[in-house]
Structures are given as C-alpha cells and as structure tokens.
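Residue numbers (numbering that gives the first Met the number 0): 0 to 898.
Everything labelled a hint here was simulated from the structure, so no lab data went into it. For each residue, glycine too, the CB sits at the ideal point set by N, CA and C. Don't take every hint at face value.
Claimed, not checked - Have a look at the derived ranges for each label pair, beta carbon to beta carbon:
| id | residue 1 | residue 2 | range |
| --- | --- | --- | --- |
| 1 | Asp272 | Gly807 | 17 to 25 Å |
| 2 | Lys416 | Glu581 | 27 to 35 Å |
| 3 | Thr423 | Asp272 | 40 to 48 Å |
| 4 | Asp381 | Asp162 | 49 to 57 Å |
| 5 | Asp71 | Thr322 | 56 to 64 Å |
Stated by the list, open to error - Simulated crosslink set (EDC-like; lysine to aspartate or glutamate; CA at most 16 Å straight-line):
| id | residue 1 | residue 2 |
| --- | --- | --- |
| 6 | Lys636 | Asp646 |
| 7 | Lys156 | Glu184 |
| 8 | Lys662 | Asp780 |
| 9 | Lys29 | Glu602 |
| 10 | Lys80 | Glu171 |
| 11 | Lys398 | Glu428 |
| 12 | Lys91 | Asp40 |
| 13 | Lys628 | Glu618 |
| 14 | Lys268 | Glu444 |
| 15 | Lys126 | Glu171 |
| 16 | Lys514 | Asp780 |
| 17 | Lys864 | Asp735 |
| 18 | Lys119 | Glu171 |
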Amino acid sequence: MKLTFNINYDTIFGEEVLLNVVENSKKGGKKTSQYRMNNRDGKHWWVELNRTEASLNTAIDYYYSVDCDWSDGRHEWLTEKHRLELTVVKGKEYTIYDHWSDIPEDSYLYSSAFTECVNKRPLSVIKPSAYDKTVRLVVRAPQLRSTDRLCVVGKPKAMGAWDVFEALPMYEHNYNEWIVDLNVETLESDVLEFKFAAQDVADRHNALWESGMNREIHLPEIKSGEVLVYELSQAFFDIYNRKLAGTLVPVFSLRSKTSYGVGDFGDLKNMIDWVAVTHQRVLQVLPINDTTTTHTWTDSYPYSCISIFALHPQYVDLTQLPTLKDGKKRNNFEALRQELNALEQIDYERVNEAKLKYLYEVYLQEGEKIMQDKAFKQFFADSEQWLVPYAQYCYLRDKYGTADFSTWPDHHVWDEKERKVLSTPTSKEYKEVAFFYFVQFVLNEQMEAVHAYAREKGVILKGDIPIGVNRNGCDVWMEPKYFNLNGQAGAPPDDFSVNGQNWGFPTYNWDEMLKDGCQWWVRRFQNMNKFFDAYRIDHVLGFFRIWEIPVEAVHGLLGQFAPSLGMSREEIESYGLTFHEEQFTKPFISDWILERVFRDRAEEVKQRFLNHTHDDIYELRPEVDTQRKVEAVFAGKMAESDIWLRDGLYALISNVLFVRDRKDANKFHPRISAQFDFTYEALYDSDKEVFNRIYNDYYYRRNNQFWYREAMKKLPRLIEATRMLVCAEDLGMVPDCVPWVMNNLKILSLELQSMPKDPHVRFGYLNNNPYRSVCTISSHDMPTLRQWWDEDYERTQAYYNSMLYRGGAAPHPLPGWLARDIISRHLMSPSMLCILSIQDWLAIDEKLRLADQNAERINIPANPKHYWRYRMHVSIEDLMQNTDFRENLTELVCEAGRE
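Put together the whole structure using the sequences plus the hints.
Below, the structure written as structure tokens:
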C-alpha cells in the first residue's frame, strides 16, 4: 500500500520537516519511526511510504516535527496526533493532505476531563467502504456537547443538496475528530461545496450549522483504488464555553457513618454522589500517596510522600474487604471503628495502627487466594517497576525502625539485582514483603473503581501532584541520581510566613532528569492518570526555579533560586554599590543589633555565643554558626525564653545582604527580603537605593528568559504524557515568564480575589479572571472564608465596601447570607472552574456550619510541625439528606450557569 503524506510548512534555510509514525512495539510500548520529507520550495513537504504490512481496518498515528542544527527544533501537539484509518476495501493508494497542528486554544476540550466526563461520547468503529474512488473528509469539532453528532451537508445530492435532514453522518474515530468517506462517482462536480452541522441525537430538527463561508475543495483527477484524505480546519460553532463548579476536600477529611475515623475511598464515592446531585462537576482532593516514615502523627502531612506511586493505606475502605471470620476480632475492630469515627478530629496514629492491623488480618485470611487471582497478577505486572522497591523499602523501614536509609546497616540504596528474588512468590524474600504488595493492590483496585464511578456520574476527579518528595522516601532511595540531597526545597517569604518556608524536600537534579526525557515525571503523571481526569501542579514555579535552602539552614531566608543567574562582584559594582564581600555575605552583628534583638539579654548572648572581632563587631562561635547547630543546642528546650533566644540567633545568622551561589563561589544573589533586616538598615541611603535596583532587576527581570527556557525544557514533556486537564498553583513570587509558559501550554491558572496577580490592586476583580483558570476563595494552606473575614477588620471593611459594594460597617462574624453573596460572585466569574472548599460551601448555612470557625483550618504553612487532622463535622449521608442546604447550593450553581 502506497501512502503519500503532504503538509505545507514555511521553513527557513537549514530546517527540515519530518514525519513521525508512532506504532505499538512488541514489548507493549510505543515505537516512533522518523522519515525525512521532500520539498522544492521550502513550503510544500511530502514523503511516500510503501507499507506492505498495512492491512484493512488498521490505523496509523503520526505527527510532524521540524529538525534544525541550531536548536532542539519543534513538533506538533502530541496529545492528539493525526490518525489515518485504513478502512477503504479497494484503497491501494492513500494521498493525505494535512496541516500543522499546534496546541489549540481549546485544548482543554481534548482532555479526559471533557471527553470522559463532561462531553462524553463513545468513539465510533469505522465501517469499511468499498468505493472505487474515495474522498475522505477529516475535521475536528471539539465544542460539540455530549448529545451532538457531526454531519456534512453540501451541494451534491450525495451530501444532502443542502438539506440538513439528508446530510451525511460523520464518525468520531478519535477524540473530537470526525471523518466521512465520499464516493467520488456519486459527486456531480470536481468542486465540493459544503458545510458541517451539529445535530442533537434527541432532536434532529435542532441542527446547528457551522459559522463562516461555505467550504470548497477542488478535486484533482482520481484514479481507481485511490483515496484522497483532506484534513480540514476546525469546524466552528457558536456554542458558549462550559463553566463548571466543584468542591475541594481532602480524602482524609471525609466523614461517613461507616468510615474508620478517617475518610476513605468508599467515602470518596459517596462524596461524588453529593457533588453530582448538587449539579457540580468537579471533586478535588489533596495528595493520596503514602507518607509513612515514622508511624506517628508527623506523617499526616500529605505533601511529603515516600512514593510517587504508592497510595496511603489509611484510605482503604475496610467495608469492601472480606469479612473477618474470627467473631471476637471482628467485634473488637467494630467497637474501635465506632470510637474513632466519633472523634471530632483524626487520631492519625490510632487510625493507621488499626487499619494496618485489620489489613494484616485480611491478608492472613485471604491474601494467598487474592494474590493468585488474575487481577493481582496483572496489577503486579503493570506496577512491578515501582512496587517491588517500595515493598522492600517498607519492610526495611519497619525492620530497622527508621526511614532514614543512610542509618540502615545495609541496603543504603536500592539494588536492582534483588528484583528477581523479591518477585518470586516461592522465595523467603517475597514472603517478607508480600503484605505490602497486597495492600497496594487493594488500594489500587478501590481507587480505580472510584475513578470509574466518577466518570459514570459525569464528575471530574481532580488530583494533586506535590512538588517535592520526602528525602528519606522510597523514590530517593531507589533513584538518588534524580535528587540533590545537599539542599532543601521551600518557598521565599510571603503572607503566610515572613521567614519563608522550608519544606525539607530534596531539590531535583534536573540535569540528570532531562537526560532521559524526564521519565521519572512521565511515569508519575501516567500513574496518576489511572485515578484522575484533572490535576493540580503544586507550586508550578518549581519547574521554572525552586527556592533552594542550604541543609544547614532552618528558615528559608538564606535560600536562592535554583537554577538562576548569580551576579559577579563586577556586575554588582557596575550598579554603583561597592561590594564588601566580608561584610555583605557574613552575618553582620554589632552592639546596636544585639540590643535591638535581645534587649536585656544582649550581654548573655555575647558571653555564650559570640566572639568579639573588632570595634563593636562580633561573629558567631563555630558551635552556633549555622541555624541547624543552633537548633541542636536548643533541642528539647521548650520554655518561652529559650525559644525566644533561639529565634534571635536564627535572625542573626540570616542577617546578610547577599548569599553565595551554591555552584559558583564567585557569584552572589541578593538575600530575599533583605530590606527588612539590620544589614540593609546599616547601609547609607544612597547604597540602599542601589541595592534596591539590584534586587528588583535580579528577582523580576534578570532571570525571566532563562527561567522561561528552563520551564519549556520540562513542562511540555509532562503535559503531553497524559490527557488529564492541567491546572497549576501559580501563587507567590511569580516572575513574568510564568504566564508566558502557562499561556503557551494552555495550563489553567489559579485565581484568588484576596491574592490578585495585578500588584496595583488590593483585591482582584473577578470579572477579569481568564476563562482558562480555576477560581477559588481559599485553599488548604489558607484560612477559610470565615476565618479570613475576621482576621483583619480593616481589610474586611475595604473588601465589603469596594468589592461587595455595600455601605456601612461590615458585619462580624460573617453571616451566612453574606457568605452566599460572596460565593455567588465567584461562581459568576468567567473562570472555567470554580472550586470551593467544603468549609466555604458550608459557610452559607449558619445552622449547618461548624460553630468554631478556627476548627475548620486544614494547614498552617508557617508551622512546619502542623498536625493535619481536620475532619468534616457532618457526615456525607447527613449532607445528602439536608434538603435545604442541597437546594441552596444547587440554586447557586445553576444561577451561575455552571452545569
């Protein structure tokens, strides 16, 4: 079979267009074959392939790319490739006329969030045609609703003679792409004139014609056995954009009558029912990965996963497991379940201990049978790459009583040679770790069932991808080459934390990750695709640059962006600031600073912790010259006076004007927020002005193009790995290049009225939200709406008058009717998604919401030891039965047109 591919693409000297054919390999993966195309004028490119192995009723997926000597080149949008269906019985020669496809503005309509949940339509199996001469029309029409079907109607009788009721039906052979074959011998002219129309399957009289002029194709002479394939520009219909509403709630926060003191995957199913019945379309959760390192409440932090693949055992729904045959044990577990489920907040340690014990009892009773089943064997085959190391890691963690693998007597790193014995059911080593295989299988089965259920209900399940991983976790143990363990990831100072945030995660070795095309991330996204149809990229700024803090630091002030372009001494002095390296890069400590920080204890500090150098200048003694050393000195000392003294020493250590580049000792970075510290205060006014210029250039201009290129090396690969809808948390110290990249890749931004992207306004204007965005009021890291309302009376009053357009004094606490008004305004915004926390939804009902608004808080970012234990005070069953609240919420959603 002869295939001729044609495409028009304007190139410049040195560029070549390539055809890339994607085929299934024998090992189950994808193999791409490249073919260099021919051209005469640098614009029209073609290539002929003879596919002797091609057979009827098969399809070929392919895409075009541009190769050049001076850059990485470029390629088409890979999420939706071109597809050639070989379905013409007499077709011996296919001639294809394509056009280049970049990421379309409406790429979100190709995401599984829309194709599998909102606009769900079954794809067609193309029936073979037996025409002697064939013209095929191929067109994309992503705006169609789930009940619409595309047809083509035109001048020839074979195309309906402009009668839409006689139109030719088309077939959706690929997501949002429709095709139809025409018998050339029934056409009345070599000029085809036609339009596309959308017909409602329930009402064919209700047809919508595409806008614009009639389409025309001038057909060449066609030989017997020839198939001409025309890929046409997108059909456009005057159909409004979909706007959807949703709820954010952590899985652990769910409460039902049957749960075990913590939300589980069974509760998640029930929550999907509540979302659907209130006409919402999105349910967003926090990360659900395993975080177990100590088996204590400190593991409650869901953003510190030990595995990017493994699910947390606490989320298992025990009611879906086989019943325990031992009646006494069964009764004891039920009594404990009732006790834990009655608690106002999660008792993380008791819940997890009980669930693991229950899982082990089921494993002893049913494990052997379950693990011989076909479903388990398939799961093991699909997951072996990560599952086997994870199981051994968990076994060794529990055996040695610590997750810090550097302290284990052996196995300091995963040994690939052990995979075989750990995968052999008859071996002693397999039996040692088999329980962890069993648990992950159960969790995987339950979560995949939840995902399928959400799709049935038309609900988009939205997950969360944390930016970091635990430095003592399985991912670092298994593939340490991907991580920098001499640094800590965090965030620069913001409204939540004046000292910055230190998350403790290792930073990524992107140089190593890019060598294999970011396969670690690709595997991560593809695994998540099993459970979700949309995801939130936590701290998307980390893909541009991460805030990297030295391991010897506790706070985030001594960090620097990595990667970033540090400044040489000469560059700094070119601004007009004489660079005193000793004074600017080491803690500046003088008598007046000590008196300001320590007041009446200044002399004590000098005697215990400092050495005098000259005049009134001091330096820290070696035993306390880093924040980690100070932390160790004050370990266990919890008296207020000791904490005050410790924090004062932390402040001295971070009192520098510049920090030295971690890779190049001759480069420097202005210390973040230095303007609020003593070393800046000590400068002459003229030097302050110069430093401010350096600071602003460095943080807001210098690195923009550099960070743009860094992000474009990584994010496109990850976004193309799945068809999930991509949303990003893009808050914080956002450089100009971030919206450039997000717009290029069509990523949804996060919009909060209380944290506007425009620095010139105090509150954001909701009607200025871009359509491609997620609108919300609060996140898990923020105070809820009710807390925010009472946090700062002056700010609330300004919001009440200027944003809600109400006169007089703002009422406190926030009344339900006003919470409803605020939510209504957010729902009315142009944002595609408006996702509100369950606490903010409940705020509209004063009879239903929690009396103590401070008990609604999920996380306090300024506290690195925060206990994540918030749980809904009302069960999902009671929410479903509360008609007044359900109807109130449904009315809000429907009034805003979010259905």
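Now for the hints, and whether the structure bears them out:
Checked against the hint of 17 to 25 Å, the pair Asp272 and Gly807 fails, with Cβ atoms roughly 42 Å apart. About 51 Å separates the C-beta atoms of Lys416 and Glu581, a value inconsistent with the hinted range of 27 to 35 Å. A hinted range of 40 to 48 Å for the beta carbons of Thr423 and Asp272 is consistent with their spacing of about 43 Å. Remark: the range hint 49 to 57 Å for Asp381 to Asp162 is upheld by a beta-carbon distance near 51 Å.
A beta carbon spacing of about 58 Å between Asp71 and Thr322 agrees with the range 56 to 64 Å that was offered as a hint. The straight-line distance between the Cα atoms of Lys636 and Asp646 is roughly 12 Å, inside the 16 Å bound, and the hint therefore holds. With a C-alpha separation of about 12 Å, the suggested pair Lys156 and Glu184 falls inside the 16 Å cut-off, and the hint holds. Restraint check for Lys662 and Asp780: not satisfied, since their Cα atoms lie roughly 32 Å apart, outside the 16 Å limit.
The straight-line distance between the Cα atoms of Lys29 and Glu602 is roughly 70 Å, outside the 16 Å bound, and the hint therefore fails. This hinted pair checks out: Lys80 and Glu171 have alpha carbons roughly 14 Å apart, not beyond 16 Å. At most 16 Å may separate the alpha-carbon atoms for a hinted pair to count; Lys398 and Glu428 meet this at roughly 13 Å. Restraint check: the Cα-Cα separation between Lys91 and Asp40 comes to about 29 Å, which exceeds 16 Å; the hinted pair is violated.
For a cut-off of 16 Å, the pair hint linking Lys628 to Glu618 stands: about 15 Å separates their Cα positions. Restraint check for Lys268 and Glu444: satisfied, since their Cα atoms lie roughly 13 Å apart, inside the 16 Å limit. A distance of roughly 12 Å separates the Cα atoms of Lys126 and Glu171; the hinted pair therefore holds under the 16 Å criterion. With a C-alpha separation of about 34 Å, the suggested pairing of Lys514 with Asp780 is violated against the 16 Å cut-off.
Only pairs whose Cα atoms come within 16 Å are accepted, and Lys864 paired with Asp735 is rejected, the gap being roughly 33 Å. Between Lys119 and Glu171 the alpha-carbon distance is near 12 Å, which keeps this suggested pair within the 16 Å criterion.
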